[in-house]
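Residue numbers (numbering that gives the first Met the number 0), protein chains in the order written: chain A, 0 to 346; chain B, 0 to 346; chain C, 0 to 346; chain D, 0 to 346.
Among the hints, erroneous ones may be present.
A pair holds if it fits inside one copy or across any two, identical chains being indistinguishable in the list.
Computed cross-link-like contacts, DSSO-like style, restricted to lysine-lysine with a CA-CA straight-line distance of at most 30 Å [said to hold, decoys possible]:
#1 K189 - K35
#2 K271 - K44
#3 K252 - K109
#4 K189 - K297
#5 K138 - K109
#6 K115 - K255
#7 K83 - K35
#8 K297 - K115
#9 K165 - K252
#10 K115 - K44
#11 K271 - K3
#12 K297 - K264
#13 K115 - K138
#14 K297 - K117
#15 K271 - K28
#16 K28 - K138
#17 K165 - K255
#18 K189 - K44
#19 K255 - K41
#20 K35 - K125
#21 K271 - K41
#22 K44 - K255
#23 K255 - K109
None of these hints come from the bench; they were simulated from the model.
Spelled out, the chains give:
4 protein chains.
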Amino acid sequence: MPIKASIIGATGYAGVELVRLLLRHQNVKLSHLGSKSYAGDKLSKIYPMFMDICDITLEEPDLEGFSKDSDVIFVALPNGILNKEINQEILNRSVIIDLGADFRLVNPEKYEEWYKLKHYNKELLKTAVYGLVELKRNKIKNKRLIANPGCYTTTSILSLAPLMKKDYIDLSSIIIDAASGVTGAGRGLKVDNLYCEVDENYKAYGITNHRHTPEIEQELSELAGQEVTINFTPHLVPMERGILITAYINLNKDIKIEQIIKDYKNFYNNEKFIRILDGIDAQTKFVKGSNYLDISLKIDPRTNRLIVLGASDNLMKGAAGQAVQNMNVVFGFNESEGLNMVPDSLI
Amino acid sequence: MPIKASIIGATGYAGVELVRLLLRHQNVKLSHLGSKSYAGDKLSKIYPMFMDICDITLEEPDLEGFSKDSDVIFVALPNGILNKEINQEILNRSVIIDLGADFRLVNPEKYEEWYKLKHYNKELLKTAVYGLVELKRNKIKNKRLIANPGCYTTTSILSLAPLMKKDYIDLSSIIIDAASGVTGAGRGLKVDNLYCEVDENYKAYGITNHRHTPEIEQELSELAGQEVTINFTPHLVPMERGILITAYINLNKDIKIEQIIKDYKNFYNNEKFIRILDGIDAQTKFVKGSNYLDISLKIDPRTNRLIVLGASDNLMKGAAGQAVQNMNVVFGFNESEGLNMVPDSLI
Amino acid sequence: MPIKASIIGATGYAGVELVRLLLRHQNVKLSHLGSKSYAGDKLSKIYPMFMDICDITLEEPDLEGFSKDSDVIFVALPNGILNKEINQEILNRSVIIDLGADFRLVNPEKYEEWYKLKHYNKELLKTAVYGLVELKRNKIKNKRLIANPGCYTTTSILSLAPLMKKDYIDLSSIIIDAASGVTGAGRGLKVDNLYCEVDENYKAYGITNHRHTPEIEQELSELAGQEVTINFTPHLVPMERGILITAYINLNKDIKIEQIIKDYKNFYNNEKFIRILDGIDAQTKFVKGSNYLDISLKIDPRTNRLIVLGASDNLMKGAAGQAVQNMNVVFGFNESEGLNMVPDSLI
Amino acid sequence: MPIKASIIGATGYAGVELVRLLLRHQNVKLSHLGSKSYAGDKLSKIYPMFMDICDITLEEPDLEGFSKDSDVIFVALPNGILNKEINQEILNRSVIIDLGADFRLVNPEKYEEWYKLKHYNKELLKTAVYGLVELKRNKIKNKRLIANPGCYTTTSILSLAPLMKKDYIDLSSIIIDAASGVTGAGRGLKVDNLYCEVDENYKAYGITNHRHTPEIEQELSELAGQEVTINFTPHLVPMERGILITAYINLNKDIKIEQIIKDYKNFYNNEKFIRILDGIDAQTKFVKGSNYLDISLKIDPRTNRLIVLGASDNLMKGAAGQAVQNMNVVFGFNESEGLNMVPDSLI
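Using the sequences and the hints given, assemble the complete structure.
Below, the structure written as structure tokens:
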């Protein structure tokens with residue numbers, strides 16, 4: 000007997016990807032789809048690809064109301080709203096998986112500093128878990144409030160995690176150069192998101208101040224057991240999906256790449272969604288449309304720097320796929336249920 | 000207990016799409032993957048997205064040999080090869096689903112005229128069926144040799160079929176203007192297929208002589224019960240997947256669009272993969288990555304012409320998806336098994 | 000001594016293309032750049048590519064004011080505004096080249112029917128000329144109000160003009176299937192213009208009611224000396240620039256393609272910007288970034304239909320380039336001054 | 000009276016861009032166009048956009064022969080050929096501007112190490128100059144053999160040059176993360192260059208061993224007066240033109256970004272093709288189709304690292320445009336003759 004799932008913010012790119020995933024999930028029945036912009040319309044009117052597949056009518060988002068007949072609610076709202084609306088009663092009724100940033104940073108001061116927003120729910124923040132399954136599976140199991148990580152963050156943290164306890168890297172030297180497809184920018188009406196502005200262009204943005212930075216640092220620091228400060232520079236690529244990070248780390252002793260690859264394989268031993276590539280470099284097409292995160296490694300002997308490539312699909316492992324993975328963990332479903340897609344394909 | 004399926008031409012775009020579909024099909028186990036160019040390599044070396052998903056090593060294509068332990072063989076070869084290699088013994092062992100053109104045209108003279116190739120197997124040609132399920136489901140059921148239709152053809156025929164018996168259209172006036180994504184051109188090494196030649200360009204090709212023309216005419220004529228001759232002009236669009244046809248037909252009496260839409264809905268009553276759009280125009284994104292074929296209709300009252308839009312994914316309903324649908328029919332599986340993807344998504 | 004030119008609507012895609020052209024024009028000095036959205040900002044702030052090249056500050060659009068020190072004003076405004084603001088005094092001071100539709104349709108009822116806007120200046124409408132230089136060069140020379148044709152229109156009319164007086168075509172059979180790059184949709188903030196909506200998609204729009212239809216019919220009818228009614232169906236292609244039309248016309252007698260090509264070459268004898276291709280099909284890349292319009296022709300002997308391909312750059316021959324060509328004619332400059340670009344290149 | 004210019008390798012992407020530039024250059028007349036693949040064909044047959052613009056027939060490449068009636072020969076050949084064919088007699092007759100790598104590395108051992116090719120002309124290598132005009136204008140003036148820099152190299156060197164003598168940076172910390180459009184990969188027939196492989200994908204390549212690395216190090220070292228070793232990682236972006244580098248350098252003292260911007264502006268004082276952006280980040284669209292190189296700078300106060308963005312068009316400042324600029328310097332023409340394009344435009 001399936002659980003009842005609702006989505007708030009169902010018509011954004013991450014929200015609609017969630018609908019697609021949940022529609023094909025064996026253990027889930029869709030309950031409510033909330034959309035501020037399109038309440039009252041059928042989803043299939045806004046996204047005709049759902050015609051004959053999903054007949055649901057979009058509703059005014061109503062966390063309180065939805066929670067009354069939802070076992071889980073996925074929330075994809077602008078930052079700063081959920082931490083105002085949520086309360087313990089809601090959590091008692093429904094597991095909340097938040098695709099936004101309100102409960103990702105354990106330190107609310109950091110949240111207020113980087114998001115320029117007041118945090119209204121420091122109490123519940125303490126009960127939240129950062130939903131990076133490969134690192135916190137057991138912590139996630141019995142939680143009611145899951146902070147689903149950001150797309151750049153997921154790719155950056157998982158690509159570097161196995162190094163954090165290693166004595167052969169210089170923790171102060173981490174530079175993450177990242178690039179993302181345009182769905183990462185969302186469906187908002189900005190000139191910058193118009194086809195003719197994005198097409199045939201490559202640019203950096205959010206240099207030195209992108210909001211995913213403190214999130215990456217928080218998790219890497221926890222893994223390292225000390226403060227880690229990084230450089231993070233995102234770029235926009237004229238494509239729809241995919242994130243690739245290219246990370247540079249100084250090695251402070253002689254070590255063979257084979258050893259580092261071995262360390263990665265040990266760290267991610269049996270993780271279904273992490274692939275350590277051997278003899279080939281990660282690229283976004285290899286993971287497109289799947290929940291996989293691919294990692295490849297190289298040492299530049301001339302500078303003794305380690306170069307780590309990490310690739311994922313920003314809408315899947317970087318958003319909706321990871322949210323479903325979190326749900327699977329919380330409700331004890333097969334962790335890859337609904338997520339067994341072959342990359343760059345359509346099944 | 001699943002059937003054993005093999006593919007000849009597994010590393011072309013249609014072949015690899017087939018692999019993806021069959022890997023997730025409940026009733027199928029992959030047996031052999033044949034690839035002339037990459038025999039001896041693992042599929043996951045040529046297409047790293049298959050890493051950890053499909054471990055099969057590509058083999059030298061061997062129809063005879065594969066047939067010994069395959070219930071079905073999907074053949075994606077250059078035209079002119081299969082009709083030389085195939086024989087009754089092979090068909091006794093394996094159902095052959097041909098994604099090429101060797102057995103599509105019932106009249107071998109037409110084949111030799113349009114393909115400039117001799118046809119070596121007119122006997123077996125008589126035993127083949129044109130695998131357009133929505134039109135020939137019952138004929139397909141008990142056949143061993145299925146000619147899987149071309150991408151432009153599938154979209155054109157299914158978009159016009161409901162009109163062929165209607166007295167309100169002028170059969171001599173049919174013009175089909177079509178456009179396709181680049182996977183339709185295959186993975187061959189031609190300057191014309193290079194990124195910088197295709198990108199930011201729109202062009203027509205095969206004007207007046209595209210090989211899908213006689214195939215469309217054959218099926219429309221059969222439906223009409225008389226010779227139908229058409230204009231067909233394909234175009235190349237800088238995108239990976241998708242076909243849209245825009246067809247123009249003169250109406251020879253006054254008729255309301257509502258009536259025509261009703262005729263289409265009656266004709267395709269309950270067809271799972273055909274969607275008759277109402278109040279919205281078909282576009283390729285609405286079917287991308289799915290086995291759906293969308294049809295929308297409009298009348299231009301100023302010229303009393305009917306305009307039919309038909310959209311499908313050239314690799315799915317136009318190739319691999321339809322091949323799987325044919326297999327499902329022949330082997331009595333649920334017709335949509337392995338084909339329930341939500342369009343423009345990745346599950 | 001150069002003339003003074005101003006632009007109203009300088010920050011739209013056509014407007015900014017005009018700025019680029021005029022900046023490199025030997026006989027022109029830019030006077031005022033009007034932009035409702037960005038008045039007060041430097042052009043180079045809105046379009047940083049102009050840094051160190053054009054230092055002009057954008058002004059509130061002011062037709063009256065600009066006309067006081069402008070020999071010519073290019074107007075790229077939403078339809079319905081210019082016909083309210085313009086008057087004879089302005090025209091006495093400045094030649095107006097309108098990139099909008101207010102003065103294209105000689106019959107104001109047609110304008111009000113297709114644009115659903117009242118026309119406020121039927122008097123001046125009588126003094127306007129339809130600025131299709133290749134067809135009306137001499138009429139344009141001494142005019143003060145030039146209606147610069149639309150992009151689809153320019154391509155359609157010039158590609159079919161040589162046929163209009165020929166007895167071998169059936170005027171009632173003309174079907175124009177067209178496709179355009181996304182700059183044609185302008186820079187407006189619509190979800191439909193977002194990168195992720197346009198990319199990897201091909202769609203038709205404005206079926207049976209696109210506003211360029213009556214404009215095409217008006218000019219073809221004038222050429223034919225009788226009412227011509229057509230089908231016109233535009234499509235959107237995921238690319239920035241370029242228009243290709245594929246036109247279908249019934250031939251009502253036997254004629255050789257060589258004869259038709261000859262007729263085209265005679266009709267456009269010595270026209271610098273019209274190229275009649277021989278043995279190769281027109282495509283948008285061949286004219287991209289230039290003021291050329293390429294035409295190629297084929298007969299389908301099976302249906303005795305003529306297929307005409309016409310390609311142009313919607314921002315050049317379809318908008319800004321043609322506007323400059325009109326200016327060159329009116330002011331007696333070399334007609335190709337500022338327009339001698341090599342297609343698909345950047346000089 | 001114009002000089003006579005010839006091109007060897009005229010049908011590659013850089014070669015054809017050169018043709019476009021030289022066709023519009025006031026002081027140049029095209030003499031010979033050499034193309035191994037298409038000798039005997041008219042250029043306008045291979046690139047129809049040249050129809051009615053350039054009537055030249057492609058010839059078998061013949062350095063010796065071309066030199067007899069060419070004042071300058073641009074050579075765009077695979078590495079390893081020119082250093083075999085060239086000799087002093089040829090140089091006495093024609094200035095050679097080499098777009099390949101044969102004469103870029105002053106140390107032939109480096110050439111043989113990185114290119115795995117023997118260098119056959121160490122004598123003439125001594126007479127060559129590295130043609131980066133902004134750094135070596137006076138050295139270039141009286142040279143006959145110009146090594147035109149690579150695209151990644153030009154962008155990297157010019158973006159970092161002003162820092163090399165500064166005491167506030169750590170020369171051992173330079174990391175250059177770069178991305179390029181697909182024309183950079185040339186027009187060769189490789190599966191990797193097919194539309195469907197490049198489109199909707201972002202990948203790194205040549206990690207730790209890209210051949211532009213020693214070229215960048217050679218010039219930065221010369222500027223610094225000491226050995227500089229860098230990390231260089233190129234990426235492929237699904238677009239046609241453009242390069243953006245994102246460079247990371249540790250600052251070893253407190254310094255204000257305003258000071259660094261001032262240092263850059265002083266260093267490039269009055270350089271027409273270098274733009275130091277202020278308050279806006281460099282992106283490829285801002286320089287597309289022009290000879291400009293844009294540079295922007297930011298300090299990350301949290302890590303005290305300097306982030307330098309440099310953008311150029313790989314076919315212009317990165318290849319053909321720079322080659323023309325070198326020619327202008329050698330022959331004493333106005334340095335920007337033929338290069339005054341407005342970026343992202345087509346004049």
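Provide an ascending list of the numbers of those earlier hints which the structure does not satisfy.
No hint contradicted; all consistent.
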